[in-house]
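Residue numbers (our numbering), protein chains in the order written: chain A, 49 to 377; chain B, 49 to 377.
Please keep in mind that the hints were generated in silico from the structure rather than gathered at the bench.
Some hints could be false.
The list treats identical chains as interchangeable, and a pair is accepted whether it falls inside one copy or across any two copies.
What the hints assert, rightly or not - Straight-line alpha carbon distances no greater than 25 angstroms define the calculated SDA-like cross-link-like pairs of lysine to any residue that follow: (1) Lys139 <-> Asn294; (2) Lys192 <-> Asp229; (3) Lys358 <-> Thr342; (4) Lys125 <-> Ala236; (5) Lys197 <-> Leu183; (6) Lys325 <-> Glu124; (7) Lys259 <-> Asp320.
Everything numeric in this text was worked out from a predicted model, so none of it was measured.
Protein chains: 2
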Amino acid sequence: MNTKTSKQTILNSEHYRTQESSHKTKIIDTSFRSSTLKDTNTSFTEATFNLSDYLAQRRYQVEAALEGSITSGYPEKLYESMRYSLMAGGKRLRPILCLASCELSGGALEMAMPTACALEMLHTMSLMHDDLPALDNDDYRRGKLTNHKVYGENIAILAGDALLPYAFEHIVVQTKGVPADRLLQVIAKLSHAVGARGLAGGQVADLESEKLQNLDLATLNFIHSHKTGALLEACVVSGALLVGANDEVLQRLSRYARNIGLAFQIIDDVLDITATKEQLGKTPGKDEKALKATYPSLLGIHESRFQAQKLIEEAKKELAPFERGLFLL
Amino acid sequence: MNTKTSKQTILNSEHYRTQESSHKTKIIDTSFRSSTLKDTNTSFTEATFNLSDYLAQRRYQVEAALEGSITSGYPEKLYESMRYSLMAGGKRLRPILCLASCELSGGALEMAMPTACALEMLHTMSLMHDDLPALDNDDYRRGKLTNHKVYGENIAILAGDALLPYAFEHIVVQTKGVPADRLLQVIAKLSHAVGARGLAGGQVADLESEKLQNLDLATLNFIHSHKTGALLEACVVSGALLVGANDEVLQRLSRYARNIGLAFQIIDDVLDITATKEQLGKTPGKDEKALKATYPSLLGIHESRFQAQKLIEEAKKELAPFERGLFLL
Chain A
49 MNTKTSKQTI
59 LNSEHYRTQE
69 SSHKTKIIDT
79 SFRSSTLKDT
89 NTSFTEATFN
99 LSDYLAQRRY
109 QVEAALEGSI
119 TSGYPEKLYE
129 SMRYSLMAGG
139 KRLRPILCLA
149 SCELSGGALE
159 MAMPTACALE
169 MLHTMSLMHD
179 DLPALDNDDY
189 RRGKLTNHKV
199 YGENIAILAG
209 DALLPYAFEH
219 IVVQTKGVPA
229 DRLLQVIAKL
239 SHAVGARGLA
249 GGQVADLESE
259 KLQNLDLATL
269 NFIHSHKTGA
279 LLEACVVSGA
289 LLVGANDEVL
299 QRLSRYARNI
309 GLAFQIIDDV
319 LDITATKEQL
329 GKTPGKDEKA
339 LKATYPSLLG
349 IHESRFQAQK
359 LIEEAKKELA
369 PFERGLFLL
Chain B
49 MNTKTSKQTI
59 LNSEHYRTQE
69 SSHKTKIIDT
79 SFRSSTLKDT
89 NTSFTEATFN
99 LSDYLAQRRY
109 QVEAALEGSI
119 TSGYPEKLYE
129 SMRYSLMAGG
139 KRLRPILCLA
149 SCELSGGALE
159 MAMPTACALE
169 MLHTMSLMHD
179 DLPALDNDDY
189 RRGKLTNHKV
199 YGENIAILAG
209 DALLPYAFEH
219 IVVQTKGVPA
229 DRLLQVIAKL
239 SHAVGARGLA
249 GGQVADLESE
259 KLQNLDLATL
269 NFIHSHKTGA
279 LLEACVVSGA
289 LLVGANDEVL
299 QRLSRYARNI
309 GLAFQIIDDV
319 LDITATKEQL
329 GKTPGKDEKA
339 LKATYPSLLG
349 IHESRFQAQK
359 LIEEAKKELA
369 PFERGLFLL
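In isolation and in its complexed conformation, chain A is listed as follows (with noise of 0.2 angstroms):
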């Protein structure tokens, strides 16, 4: 087998089935910096590869993208605002699936990391303005003070405004060997999956939905379909765009990244309920304290899990043709 084809384990789903048993081990460990993994270049063939491994190595390649991608400048709060929330850690989930799906797709990890970068800079942006006190008022993400803790309200909103189109400069100024119409196509496919028929729309329909007193199954579809899916769907599918992969590939990875989206935030879900703060890391029982519609609520905690495992399943099957080795450009 070709080892490209190995790669395919990260864009597999074991990673998502096995989170609700394990969710006490962080899945990426933050203080592996092993010297071994400072070659960008390192593969991983089918007899070497490891999936913690895996993760790690891309992770600890994205910290040092991420960290050459802004450097300092005038007026220096406002970079300094920037910087404090990209660098504040988190698993780098959304690069790392960009650069797999790339990788899986036959292209060198190089042709991806300014796209999944500007992955990483999108999501931050929203997590940051998520956090302002007119939305939703978090005074602390990942145990760190959230921004306008720090900045102030005016300057978190401006380095948001600020992050947002520096992630398309980005792809452009830094992306090599790419053609311009498949950079095109990363960029549509991006400026469509934050905006509103993507992350601010499921953001305003999450917001809508508070007023509700019944949400039905279609509405919280919905909102996690576009509050996080539509940006993780752009992770999966961009990689593969940057590489020219067919409309059947293009397709195949978007069911799979849609499909495993909706399984991570039932997961999710029903962990916020049967979960004990020292497993998940935070307080548990958050949604049933705020008395959010969540899909265990709405489906029971044994169907939620069936679903869970349903949808992780039709996400798997998309994937067999990358394991017999097709689609290998």
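Got chain A; can you put chain B on it based on the hints?
Frame of chain A, contents of chain B only:
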């Protein structure tokens, strides 16, 4: 003389030079809706060229294009909020500058219309966020309630966040007949102009300057060249980029736009002191009341007028070769 060359008049600084003395008549009659303007291909020859007619016609075309750029969708409130600010009127100076620059460089109007609309979307979202309580806290803009006063702060933030990426999506999806590499240059130009090294940077520098007792001329120039100048420059340059103008043309248009942008700001500051409420259409003396550093406060009125005039003359010089029919593709 080629008819195209006469179109440089819109970019000619006469418009700005006469603005101070004729400010009581609005540059464009907002009720202008002549049926003769419905032909989007109407061109102006040197003999028939009239600046007011040109501006009115292009504005009408921009309004029509903006009207069609965002239709309704779910959640309705988000689309309503986006349209509320985008369709709130104004001179549409930024999109018109882009169209004029495209025409001047020998391009067809249609090539530049999606970029022209995108520029207005970017400008609009910056105003929506600038009006927020955490920033300028304005209740009214152009005689209408500001976005957050109608839809709430949360929606105003998210609608701005949705308009920004939509500008880029609109360029990619709607532009016809322009090679992909040129579109990428336009996207890089616009994203740079509204980011940390452009508009957002200027806004933060402006916020920071409010805390200072004494503002120097260099900082004042930085604020204006970034807060308003960068996007104006992007308007003028992007129109020529779409046509594939050469470096000399781009450099000339860039210098032209930067000079005119600064002259515009200086005149605006002078008018705040010298003009009446009737002439301005808004309350004068606002800067002095807010103890804001302005060009007249740093240079005096006489020197400010002299500097503005000098900038306008330098700007005109940049356009001289166009008048002689050079640079036409």
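Each hint, compared with the structure:
no.: 1; hint: Lys139 <-> Asn294; in the structure: neither (29 angstroms within a copy, 45 angstroms between copies)
no.: 2; hint: Lys192 <-> Asp229; in the structure: neither (40 angstroms within a copy, 41 angstroms between copies)
no.: 3; hint: Lys358 <-> Thr342; in the structure: within (18 angstroms within a copy, 64 angstroms between copies)
no.: 4; hint: Lys125 <-> Ala236; in the structure: between (31 angstroms within a copy, 24 angstroms between copies)
no.: 5; hint: Lys197 <-> Leu183; in the structure: both (14 angstroms within a copy, 15 angstroms between copies)
no.: 6; hint: Lys325 <-> Glu124; in the structure: neither (38 angstroms within a copy, 38 angstroms between copies)
no.: 7; hint: Lys259 <-> Asp320; in the structure: within (22 angstroms within a copy, 45 angstroms between copies)
Consistency note: the structure conflicts with the earlier hints numbered 1, 2 and 6.
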